[in-house]
Amino acid sequence: MELSESVQRGLQSLADPSSFDQSSFQVLVDVSFRSLLSSKGDPAVLDQPELKQIDQILLKQCHTAATTFILEAVKQNADKSTISSCLEELTFSAERIEIFYSTHQKHKKELECLLASIGRRPAQINDVSWRLQYHMKNAQVDKVNEPFYSISLKSENEGSSEDINFTCTMEQLQDLVGKLKDAAKSVEKASQM
Amino acid sequence: MLLVLSEDHKEHLAFLPKVEPAVVREFGRIALEFIRRGASPKIYEGAARKLGVPVEMVQHGVEGLMFLMTESSKHMISEVDFLDSVLVLGFGEELNQILLQLYLQHHSQIRSILSQLPSNLPAYHSLEWRLDVQLASRSVREQVIPMLTIHLLLTKGSDSISRVLQTDPRTLLHLISTLEAALASMKTSHARRILRNIK
Numbered sequence: 001m002e003l004s005e006s007v008q009r010g011l012q013s014l015a016d017p018s019s020f021d022q023s024s025f026q027v028l029v030d031v032s033f034r035s036l037l038s039s040k041g042d043p044a045v046l047d048q049p050e051l052k053q054i055d056q057i058l059l060k061q062c063h064t065a066a067t068t069f070i071l072e073a074v075k076q077n078a079d080k081s082t083i084s085s086c087l088e089e090l091t092f093s094a095e096r097i098e099i100f101y102s103t104h105q106k107h108k109k110e111l112e113c114l115l116a117s118i119g120r121r122p123a124q125i126n127d128v129s130w131r132l133q134y135h136m137k138n139a140q141v142d143k144v145n146e147p148f149y150s151i152s153l154k155s156e157n158e159g160s161s162e163d164i165n166f167t168c169t170m171e172q173l174q175d176l177v178g179k180l181k182d183a184a185k186s187v188e189k190a191s192q193m
Numbered sequence: 001m002l003l004v005l006s007e008d009h010k011e012h013l014a015f016l017p018k019v020e021p022a023v024v025r026e027f028g029r030i031a032l033e034f035i036r037r038g039a040s041p042k043i044y045e046g047a048a049r050k051l052g053v054p055v056e057m058v059q060h061g062v063e064g065l066m067f068l069m070t071e072s073s074k075h076m077i078s079e080v081d082f083l084d085s086v087l088v089l090g091f092g093e094e095l096n097q098i099l100l101q102l103y104l105q106h107h108s109q110i111r112s113i114l115s116q117l118p119s120n121l122p123a124y125h126s127l128e129w130r131l132d133v134q135l136a137s138r139s140v141r142e143q144v145i146p147m148l149t150i151h152l153l154l155t156k157g158s159d160s161i162s163r164v165l166q167t168d169p170r171t172l173l174h175l176i177s178t179l180e181a182a183l184a185s186m187k188t189s190h191a192r193r194i195l196r197n198i199k
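Here the protein sequences come in this chain order: A and B. Counting with the numbering used here, you get residues 1 to 193 for the letters of the first sequence. Counting with the numbering used here, you get residues 1 to 199 for the letters of the second sequence.
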């Protein structure tokens, strides 16, 4: 894993028992994971009693380095040997590597989901509602007497939801469903490869 | 059902018996052309000059014909009703027949033109799909996420709307089962009864 100099320095300080004793090390590791997973930035995240003794500037540098390292490891889907060898080079003891790795395993899935949700993509369809109606007449034409469907696709894009509404005849709906079924068949075939 | 023609309308159409039947046929052709493509005032001027009558008279005559045709097509009135409605204008037999022929030949075309007017609801046109697997993104490497990209084409009046949407396999199956239930609802006895009886 490629890490910048400031991240390397921050991690080295974190590894150093004279800066962080065992309990403050554990606390900083936990706090780093927690601050990534909480939805709101908490300015008081580093206000832990075990961390009070440490120089505040050093504390912030180590916290930043730790969170950067965590994100990089999750992004690259780094395995145990990659993480271990990386931390070993940065003078982490085997015990501290173990503590870091087990916390990493605990939170890895959640962090992966979080990272995967970042980014632009087209609106995602999550539901559909429909109405069957009988069109009798309108202002321009009398005696229309045709059934039709009103379809509403519910979609969501980055938190905001949008309804896509349209009408279709029964034949068109059959065409639409037929195409969706073709798509489902191809998904099934692909999953069996 | 009988058409009720207003006094103004009757006045406008009163021009027709004063000209040759061939001219009435020509006006009928012009009226239909205008229903199809929109009015063009130059034609009124040309016709008025040839007949030696004021432009307004020609214009009213053609517009009266247009309105007679569109109203009759809108309500899908029968031959008998059409003749009875036109009777009130006091035209001769030949003229009535010309008007009737005009109506019978073109009423379904006029109806389809009229039905294109009220499309303020987007209507389904077509759907294209493709299956992709996302392997990586800027924030995560090493992914395996299957996704369906759907290109939905809708028409709204004369414009077309194009939407690109995505969904995952599970939602796709949910969409399919929901829409199949929608199709099945048309075949229930309740729906059949209504469709049969309201004609």
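Because the hints were derived from the structure by calculation, they are not lab data. Be a bit skeptical, because a hint or two may be false.
Stated by the list, open to error - No more than 27 Å apart at the CA atoms, straight line, and that leaves these computed lysine-lysine pairs for DSS-like:
#1 A:108 x A:80
#2 B:156 x A:179
#3 B:156 x A:137
#4 A:181 x B:199
#5 A:137 x B:50
#6 A:154 x B:187
#7 B:42 x A:143
#8 A:106 x A:40
#9 B:42 x A:60
#10 B:199 x A:137
#11 A:143 x B:10
#12 A:60 x A:40
#13 B:10 x B:50
#14 A:179 x B:10
#15 A:106 x A:60
#16 A:52 x A:40
#17 A:143 x B:50
#18 B:50 x A:185
#19 B:50 x A:154
Said to hold, decoys possible - Residues from chain B that face chain A, not an exhaustive set, calculated with beta carbons under 8 Å:
#20 22
#21 23
#22 39
#23 163
#24 180
#25 186
#26 189
Since the model is a prediction, treat every value here as computed from it, not as a measurement. Think of the CB as a built atom: it goes at the ideal place given N, C-alpha and C, for glycine as much as any other residue.
Do the hints match the structure? See the list:
In summary, the hint linking residue 108 (chain A) to residue 80 (chain A) is supported, as the alpha carbons are separated by about 12 Å, within the 27 Å threshold. The suggested pairing of residue 156 (chain B) with residue 179 (chain A) holds, with an alpha-carbon distance near 22 Å, which does not exceed 27 Å. For the suggested pair residue 156 (chain B) and residue 137 (chain A), the alpha carbons sit about 19 Å apart, so the restraint of at most 27 Å is met. Between residue 181 (chain A) and residue 199 (chain B), the direct Cα distance comes to roughly 34 Å. Violation of the 27 Å bound is thereby established for this hinted pair.
For the given pair, residue 137 (chain A) sits about 42 Å from residue 50 (chain B) by alpha-carbon distance, which is inconsistent with the 27 Å threshold. At roughly 26 Å between alpha-carbon atoms, residue 154 (chain A) and residue 187 (chain B) fall within 27 Å of each other, so this suggested pair holds. For the proposed pair residue 42 (chain B) and residue 143 (chain A), the alpha carbon gap of about 36 Å is over 27 Å, so the pair is violated. Among the hinted pairs, residue 106 (chain A) with residue 40 (chain A) is consistent with the structure: their alpha-carbon atoms are about 21 Å apart, no more than 27 Å.
Annotation: proposed proximity of residue 42 (chain B) to residue 60 (chain A) is violated, straight-line Cα distance about 82 Å (limit 27 Å). Using a Cα cut-off of 27 Å, the hinted pair residue 199 (chain B) and residue 137 (chain A) holds, with the two alpha carbons roughly 11 Å apart. Under the criterion of a C-alpha separation no larger than 27 Å, the hint pairing residue 143 (chain A) with residue 10 (chain B) is consistent with the structure, at around 26 Å. Among the hinted pairs, residue 60 (chain A) with residue 40 (chain A) is consistent with the structure: their alpha-carbon atoms are about 18 Å apart, no more than 27 Å.
About 24 Å separates the Cα atoms of residue 10 (chain B) and residue 50 (chain B), which keeps this hinted pair within 27 Å; it holds. Under the criterion of a C-alpha separation no larger than 27 Å, the hint pairing residue 179 (chain A) with residue 10 (chain B) is inconsistent with the structure, at around 54 Å. Pair hint residue 106 (chain A) plus residue 60 (chain A) holds up; C-alpha atoms about 23 Å apart against a cutoff of 27 Å. Straight-line distance between C-alpha atoms of residue 52 (chain A) and residue 40 (chain A) comes to about 23 Å, which keeps the hinted pair within the 27 Å bound.
As the CA atoms of residue 143 (chain A) and residue 50 (chain B) are separated by approximately 41 Å, the hinted pair breaks the 27 Å bound. The suggested pairing of residue 50 (chain B) with residue 185 (chain A) is violated, with an alpha-carbon distance near 69 Å, which exceeds 27 Å. Annotation: proposed proximity of residue 50 (chain B) to residue 154 (chain A) is violated, straight-line Cα distance about 61 Å (limit 27 Å). At its closest, the beta carbon of residue 22 (chain B) sits 32 Å from a beta carbon of chain A; the interface hint therefore is violated under the 8 Å criterion.
The beta carbon of residue 23 (chain B) is not positioned within 8 Å of any beta carbon in chain A (closest approach about 30 Å), and the interface hint is therefore violated. At a threshold of 8 Å, the smallest CB-CB gap from residue 39 (chain B) to chain A is about 18 Å, leaving the interface hint violated. Because the closest C-beta pair between residue 163 (chain B) and chain A is about 6 Å apart, less than 8 Å, the hint holds. Interface restraint check: residue 180 (chain B) against chain A, minimum CB-CB distance 6 Å, threshold 8 Å, status holds.
For residue 186 (chain B), the shortest C-beta to C-beta distance to chain A is roughly 6 Å, which falls under 8 Å, so the interface hint holds. For residue 189 (chain B), the interface hint is violated, since its Cβ never comes within 8 Å of a Cβ in chain A; the closest pair sits about 14 Å apart.
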